[in-house]
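*Asks:* Here is how the chains run, residue by residue.
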Amino acid sequence: MSKPEAVKEASMEMQKKMIARNYDAITSKHETGRKVSSTFVPGNLNELLMCFDIVNNLPEINAIQAGMRKASGGYIMEAEKSGHSEDVCTYVKADIGQMSKGNIAPNGKPYPNPDVLMLSYTGCYTFMKWFELLREEYKCPTLMLHVPYEGDGHSTKNMRDYIVKQLKEVVIPGLEQVSGVKFDIDRLRQYLRNSAKAEDNLVWCLEQGKVTPSPIDAYFGGVYYIGPIFTAFRGTDDAVAYYEMLRKEVQGRVENHQGPLTPEGTYFNDQKYRLIVEGPPNWTNFREFWKMFYDEGAVVVASSYTKVGGLYDQGFRHDPENPLESLADYCLGCYTNLNLPTRVDLLAKYVEEYQADGLLINSIKSCNSFSAGQLMIMKEVERRTGKPGAFIETDLVDPRYFSAANVKNRLESYFQMIEQKRRGGGSKTVAA
Amino acid sequence: MSGKNRTVADIVGVCQEMFEDLSFNYARKWKAAKPGRKVVGFLPVYSPLEMIHAAGCLPLGIFGGGDQMEVIHGDAYYQSYICRIPRSTIELGVTNRLDFVDGMIFPFVCDVIRNLSGIWKIMFPNVWSKFFDTPQNYDKSIGGTYYVQELHELKEGLEQMTGRKISDADIKNSIKLYNENRRLIREVYSFRAKQPWLAPTSEVYLLMRAGLMMDVEEHNQMLKDYMAAAAKEDRPKRDNVRVSIYGSFCEQPPLNLIKSIEMAGCYVVDDDYSLNNRFLMTDVPTDGDPLEALAMTYIENSVETSCKYVPDGKVKGQFHVDAIKACGAEGVIYATPSFCDPALLDRPMICNKLSEAGIPYIAFKYAENSGQMQPIREQAGTFADSIKLWS
Amino acid sequence: MRCFIGIDLGSTTTKAVVMDENLQILGRGITNSRSNYDTAAAVSKQEALIDTRLTLFRRGLASVPEVSGKVDEILADLERNFRHVQFLEQLEDLQQTCIANIKGPRFAGREKAVIEALEGTFSRLRDSSAAQYAPGVKRKSDFFRDLAGAEFMSHGEAVCKEAGLGFDLILNVYDKSIIEVENRPPSGDMEGKFVRALEKGTMTGSSILKPVQAALAIPLEETYVVGTGYGRVRLPFPKEHIRSEILCHGLGAHMMYPDTRTVLDIGGQDTKGIQVDPVGIVENFQMNDRCAAGCGRYLGYIADEMNMGLHELGPLAMKSNKQVRINSTCTVFAGAELRDRLALGEKREDILAGLHRAIILRAMSILSRAGGVKDQFTFTGGVAKNEAAVRELRKLIKENYGDVTINIDPDSIYTGALGGATFAVRAVVN
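Chains as they are written, first to last, in our numbering: chain P, 1 to 432; chain Z, 1 to 391; chain F, 1 to 430.
What the hints contain is simulated information worked out from the structure, not anything from laboratory work. Don't take each hint at face value.
[As the list claims (entries may be wrong)] BS3-like cross-link-like pairs, simulated, lysine-lysine; straight-line CA separation at most 27 Å: (1) Z/Lys165 with P/Lys157; (2) Z/Lys140 with Z/Lys194; (3) P/Lys291 with F/Lys374; (4) Z/Lys314 with P/Lys165; (5) P/Lys387 with F/Lys239; (6) P/Lys81 with Z/Lys155; (7) P/Lys157 with Z/Lys155; (8) P/Lys272 with P/Lys408; (9) F/Lys374 with F/Lys385; (10) P/Lys387 with P/Lys349; (11) Z/Lys232 with Z/Lys194; (12) Z/Lys365 with Z/Lys353; (13) F/Lys398 with P/Lys379.
For clarity, every value in this text was computed on a predicted model and none was experimentally measured.
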């Protein structure tokens, strides 16, 4: 029995084509002679890579693709058989397991080896080990960009200088060497100009979550909205066009008082609960997971996951006037590079500004950067907003760690609790 | 205290008492002895203790709660898939066992300890706390420059906390004491590597753990006393195999685990337990700018461990192979805390390197409160037997 | 009369509570959750309605001066006889089912002998059942499966031995049939059975008969049913009739102890910490995370490992005067940890005391996660019946939260169903 195809909007179709083109660019590198880099979503230096005509391949996204295609489980077990611990990140294991199983891209062609590992080390310790592991496999140049953590709740000049220096003295010369293309800062400025345009429209769309009914789902829908900007397209004309299109779609729904489109093809208008969600989604059971929300009338109005590739809604824009400095600021300001008190501030602010019923945390086993401390975050946000929080546990791409009954049970309990509290309690009569 | 008449049992007794004391009475007494004294806690793996010392504070190593503490509230903050040390550290905090600690340094280890620094800021807003992010770029002009500035900021933070300026002379003086401490520790380690039957690791470990909780000069004397006393001990040499233990640099195993490995027929001749005091492998220069000196020693002469990036892929793990050869170990026990991202993600790479070098190894996981030693004894015993058979 | 029913479909037992519109509990019923949730729900509901009838009888008899002081005895007699009638009816069903199940090659040529053996066995079962339902006899279980099973084994074996027939033949038929019978929806005509029970009884004077018949004549209208519990999604109820067990549990605890603010429930599969407001609405809850360490099931493993009954663990642990520290509450490792400790020469009671503490420490963490313990505190679930666990809990609550009133109701197993029934009342009455 095959699942019915998910109903998609025009912007989703467009994004799908963009992704397909990028996979084709990656897998055809031997024909085209283009160089391929592997890199990460947070601290992604896409505009810079574009300056060297380098195609951007993102192992995180490949793991997500494998998760959604239900292939990740086998890859993870393959990696565990070869000595990787069951305790560690399943993105890494899905990536490594995939290599030993032919390393086939979603377009059916084999992934070529990357020419450079662009280790933009932002907000996640595992990134460092992940590329050390890949380096053993591919034996290609690895460029480390260390982005210090904002431990005291803000970036410092020293951090910024350190990053700019690494860009100038490690990353740019390294990419020049790999690509044979000379760095042209004006080219970078042009791309950054495009980025800022797209970022404006993304922010506008995300902020429509404040409208009732919300025309967007900022979590399940959100992962589509952030797609181009967080991955291989920030800085491209395609991304600019995509966000214009997305904005029109969202605008249309606002005017018609419509909610977001669900994969079943209906507009989710009957919204009973408005949630803020913290943490990445689960990918292996993405649609089933989403359904648990809209079936119960829960819409996500803002999320932290849509900030892992940058906190644009808090004012940051790529700046063509200060290209390298703005790349440094971008890297520093990604969500998982913020300290816990800052994350609490942001989430509490979302609960208030988006008039949410509460904060739901999807705690991901793989991702300590997100997860370690989330119970503290929940407690604090509850305390500050007076709105109840809830906690569920899943994993990114490990199907063994998704228990539908368990998740559903907690979600339903949470929604019913909100409902009960809203009614201000039931009968005041008590048993005799 | 005069060193002449102290026996190994005396010294180890003092260390064990400090190790087991979850109320930290030594540090409490130290603080109470003079008005205005302050105590700064630090977590694994590396903080420049010279800076804390130069600020006139006692650096206090916080290594979780061990296997004798029940964790109730600490567990409320962590999911089941997160290691134990942050839970027990929170438990120490919420049960007021650290109520005398004025500052906390959370060095870069992994995302869990990193995030714990934020939890601390929320839970204990009156404690000065610092996430200390050492560079992962090992170019003197890049990572080094960044690190010098971070040390300046650390200094300023400490100055604000104590209300007292730290002079270069203060730092140089502290560097001298810690240089001596490191030298003596290297001596203890090489003494143990030469005659492991005279310096069992269950003792050396306590000596090191206690050292990270006491005044450095007192520890320096203690290290000398221990070596003198241990050399005089009449302890039989056994037919044990010589092993190195790696992967245990953050959350510490229970003492029983170390004893179990030794009882199973292993002499531990190298380890990465409580690594802070061996993180810098050479003396820190005392001429020139002291912060520069600390930074460049870190950049050029610090150990390889899982929380450091290794820029050159070809030499990844070579550090361990060299260390194993230097101490004459015959095999490696790669023992890591459950859910330890750094050690577990590194494990395949380090273990491959060991295989390439023909060094036998076993790997297992523990928690600081592991209660079951039978499987450890069995694995370590079988490993020892197999090494004896091969050689 | 209007009846409001809550059904709690748990992983091992299914409970039902019937309430009237004034939130008075009329009856409670329990059965084992079988593979068929519909049947489990129907049986528990019927049991609760039976109990409701008994409550109505009690109310009816309360105004009869002749039976003053004897009501308990009369009702006990009536229930006993009712249960006997019910048992015989189910036995009859089981016999028919067994006979119908005699098919297949293994019975070829022996059908008659097997039928005779079965008839003989059931005949003896019927005879011996009178003794089981005699006044003052304490039955081992309330579940038909347990009652019929034990007797079937002893009589069946004897009958087969006399007939020179292999016992495994009829045992095979029995095993197949008991599942069928158990999963069949309960037969109706409760009133008829009560009438027959009344006739069987010794106290049949008109002073009893009339009020009982009057009570039997009151129609029990199932006004609103609310389902809850882990199996609730499997209940054939419309969505608005389903409530999460967290909500039901919180409200149920509030109904038992209106001043409850914090509830701890340690069940077989999960541990819950719940905070409720002054009207019983859940304000916050936490459950054990994905790892089920420290739930009731853990004690189950320990009991199996030690070859003991679950209910024997607590009393043995109480004998300890030197608790062993157990650091792992991992169910998977429980057996290994236990054997390790025994091998080290630790005493069983001391290990058990440590295990009980370990479970309660885990629960304390969940309570801490849910926002701590406020006065009053109510402890429910199977583990609340374990005296060693309760002792540790009392100690730790005092150490961590000071003097807090701790409520433990011996019937706390009905907490969820009670909350469900209350929701049912609230759905209609408000």
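*Asks:* Each hint should be assessed against the structure and marked as holding or not.
*Replies:* Hint by hint, here is what the structure shows:
1. Z/Lys165 with P/Lys157: 23 Å, holds
2. Z/Lys140 with Z/Lys194: 35 Å, violated
3. P/Lys291 with F/Lys374: 36 Å, violated
4. Z/Lys314 with P/Lys165: 25 Å, holds
5. P/Lys387 with F/Lys239: Satisfied, since the Cα-Cα distance of roughly 25 Å is no more than 27 Å.
6. P/Lys81 with Z/Lys155: 47 Å, violated
7. P/Lys157 with Z/Lys155: 17 Å, holds
8. P/Lys272 with P/Lys408: 17 Å, holds
9. F/Lys374 with F/Lys385: 22 Å, holds
10. P/Lys387 with P/Lys349: 12 Å, holds
11. Z/Lys232 with Z/Lys194: 15 Å, holds
12. Z/Lys365 with Z/Lys353: Judged against 27 Å, a Cα distance of about 20 Å means the pair holds.
13. F/Lys398 with P/Lys379: 23 Å, holds
Against the hints set out earlier in the document, violations occur for numbers 2, 3, 6.
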